[in-house]
Structure formats: C-alpha cells, structure tokens
Amino acid sequence: MKLLHLADLHLGKRISGFSMQEDQEHILKRILEITDAEKPDAILIAGDIYDKLTPPAEAVQLLDWFLNELTARRIETFLIAGNHDSAERIAFGGRIMDRSGIHFSAVYDGRPQRFTLSDAHGEADVYLLPYLRAAEVRRFFPDAVITDTAGAVRTAIAALPLDRSRRSIILSHQFVMGGVTCDSERNAVGGTDSVPPEVYADFDYAALGHLHGPQQIGSPAVRYSGSPLKYSFSEAAQKKSVTICELGEKGTAPEIRCIPLTPLRDMRILTGDFETVMQDASEDYLHIRLTDTSRIPDAIKKLRTKYPQVMSIEYIAETERTPHQIAEKTVESVREDPLTMFTGFFRDMNGREMTDSQADTMRDLINEIWAEEGKA
Numbered sequence: 001m002k003l004l005h006l007a008d009l010h011l012g013k014r015i016s017g018f019s020m021q022e023d024q025e026h027i028l029k030r031i032l033e034i035t036d037a038e039k040p041d042a043i044l045i046a047g048d049i050y051d052k053l054t055p056p057a058e059a060v061q062l063l064d065w066f067l068n069e070l071t072a073r074r075i076e077t078f079l080i081a082g083n084h085d086s087a088e089r090i091a092f093g094g095r096i097m098d099r100s101g102i103h104f105s106a107v108y109d110g111r112p113q114r115f116t117l118s119d120a121h122g123e124a125d126v127y128l129l130p131y132l133r134a135a136e137v138r139r140f141f142p143d144a145v146i147t148d149t150a151g152a153v154r155t156a157i158a159a160l161p162l163d164r165s166r167r168s169i170i171l172s173h174q175f176v177m178g179g180v181t182c183d184s185e186r187n188a189v190g191g192t193d194s195v196p197p198e199v200y201a202d203f204d205y206a207a208l209g210h211l212h213g214p215q216q217i218g219s220p221a222v223r224y225s226g227s228p229l230k231y232s233f234s235e236a237a238q239k240k241s242v243t244i245c246e247l248g249e250k251g252t253a254p255e256i257r258c259i260p261l262t263p264l265r266d267m268r269i270l271t272g273d274f275e276t277v278m279q280d281a282s283e284d285y286l287h288i289r290l291t292d293t294s295r296i297p298d299a300i301k302k303l304r305t306k307y308p309q310v311m312s313i314e315y316i317a318e319t320e321r322t323p324h325q326i327a328e329k330t331v332e333s334v335r336e337d338p339l340t341m342f343t344g345f346f347r348d349m350n351g352r353e354m355t356d357s358q359a360d361t362m363r364d365l366i367n368e369i370w371a372e373e374g375k376a
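In terms of this note's numbering, the sequence shown opens at residue 1 and continues consecutively.
Hints in this document: simulated from the structure, not taken from any laboratory. Among these hints, one or two may not hold up.
What the hints assert, rightly or not - Mimicking DSS-like on lysine-lysine, the simulated pairs with C-alpha atoms at most 25 Å apart in a straight line are:
1) K301 to K39
2) K29 to K52
3) K306 to K2
Unchecked claim - Computed Cβ-Cβ distance ranges for the label pairs, DEER-style:
4) F115 to S86: 17 to 27 Å
5) A317 to M278: 29 to 39 Å
6) P142 to K301: 58 to 68 Å
7) K39 to I96: 22 to 32 Å
8) R111 to A236: 15 to 25 Å
All residues carry an ideal CB built from backbone N, CA and C; glycine is no exception.
Sequences are here, hints too, so could you generate the full structure?
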C-alpha cells in the first residue's frame, strides 16, 4: 500500500508582508505531478492545512482547487486539523466530502474516527486524530488522569478500537519528543505540549504534522513529512520533500522515500557587504546580513532593486550591541524603514522573529502614525 504523506501546508501564509499564495499554488501543482507519477493509494495531510483559524478567501479557493484535482484522480485523501486550523471549519461538510473520497477530521468528541483502505495484503485502518489539548480530551474522559498533552494523546489513542491483527495508520498533529524544531512552529513554553513517540508504537505508520523539517522520530514508522515550503529563515538549510510510505504485510517495516520539492522561490540567507551584495540579483526570498560597519541610507529600498523579495536585513556589527545601545537608534534611521528596524530590534531583544500577527499589528501602527504626520 503506497501512501503520500504531506503536512503543514499553511495556506494563506504571509511572511513579513509577502503573500505565499503564488508559491503555494506552484508547490501544490508539483505535488499533483508527483501524485500522477507515484499513483498512491491514499494521500495523508497531517494538519495545519491553513495558516490561520480564519483563512483568507484565496486560501480556501486554493484548497478547493487542490482537493478537486485529487477527487478527479479518485485518490482517497485524509486531512486533519492542526494547531493553526479551526477544527470546526475543517470538519464542516465532512460527511458530504466523505462520499467523494475526501475525509476531514471531525471536531474531537472522544469517539474514534476510522476509515478502511485495502490492497493485495488485506485491509488497513486509518485513524484521524486532530490536534489535541489536554482540556479537550479531559471533557470526554472525566475519570482519566490527564495533566498534560502527552496524557491527552495517550488517552485518546487508548480509546481507539485498534485491531492489532490488521495494519493501522494514524494521522496526528503534535510535537513529538526528539523532533528538531524551527522558529515557525508554535510550541508551548517548557515543552508542556510534547508527546513521547511511544504513544504511536502500535501503528504501522504514524503520519505526523507540526514540525516543518522532514524527519523520523526513532522508528521509520513515526515520521514528520515536514512542510512543503520554507516558512522561516530558520528553515533555510532544510531540503523540502514529500514522503512516500509503502506498507507491506502486517509486521513488516514501512519503506520510506522522500521526493524533493523545488519551490518557485527559495528562502535564503545572504551575507556580505552592501557593495558586493548589490552586484548580484535574485527573485528568492532573502534575509540579508550586511557586514558593513555603518548603516546604508535607504538600504532595503536599494536592495529591492536587485532583490525584490528581500524580507529583512540585519547589520551584523549591531548584533553585538548591548540592549541600551540597540535602543539608541536614531529617529532618522528608524524612519528609513521602521518595520525592518523594529523587526531587527525585536529579534535582538527576544532572540526570535516576530509572528505574522505581531508584524501585521506593527505595520498597521506605523501606517497610522505616518498618516497622522501627513495631516499635520
């Protein structure tokens, strides 16, 4: 049985004000080409279908187009809600979609959601387990001792009607201990949302979502496909792919292959002095680290004449400054590109990038201030 495993599409994603819509459409077309070549028995999409609880219309339309293409190919497709998704929106119309071979996870209610696939080796059960929080599971198992996410997932899986004589597959969207993380994922402070890989031990394949780097956790049967696109510069070195899992007879290890995905535009970190950097050009999404010891007037504006998709710039010399020195940036330098300046300040002070929501809020605030100044 051949399975094509995806996750973390994040449709509707915006990064530093740049829409990823065109890039996502490109990569979904590439996934359809892989689907046509591989002819899988099923496609597994393990959560974070959308980037926001309320996705923009164009993201919904893109998913609609993609699922219609899969339906036309008569491929059974299974999707679960991730932590970025609204479980209610993902579940809407699920019973109608089931008739077309598109199976969405329901809002978690303590009951198992099981489907069946078959091939030359017999039947295989597919279980859909959306992103779980301890409080959600505790509601349906009041007698169980559930103090954290690990306990919640363990309780939910224990309630599944697993037939250990049959092959079983689970789609799950959680942070599994031992996984390599990156900046674009939402993980709880202190690892309180982590789950031990052993909770998936009874499954022939656990198709995981949440972590953006493709990786197995211990056994090849417990695997993150990773996101099909890079969504932060902490992912710049990652090689994106789709996972092909081939299941044989019950009791045999799955065969895993990764098929590389080539993006419309790569996401890269470029380092050098301003003059050298300006000698080249690229359409890629870039974070440019300038080695100049003094600031270049209108740097990002000039850089975008050669690199229109520059998302952010950084002056390496300034990363060694103390918080007091960082705070002493002049009004003039902030004015040349306030969002980029504040993004760098936030990164220096917090050791991480702003979220898209924080960047959007700051952008709106800057625009309001400039509008008021224009009236004065």
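Results of checking the hints against the structure:
| no. | hint | result |
| --- | --- | --- |
| 1 | K301 to K39 | violated (47 Å) |
| 2 | K29 to K52 | holds (22 Å) |
| 3 | K306 to K2 | violated (44 Å) |
| 4 | F115 to S86: 17 to 27 Å | holds (22 Å) |
| 5 | A317 to M278: 29 to 39 Å | violated (18 Å) |
| 6 | P142 to K301: 58 to 68 Å | holds (60 Å) |
| 7 | K39 to I96: 22 to 32 Å | holds (26 Å) |
| 8 | R111 to A236: 15 to 25 Å | violated (42 Å) |
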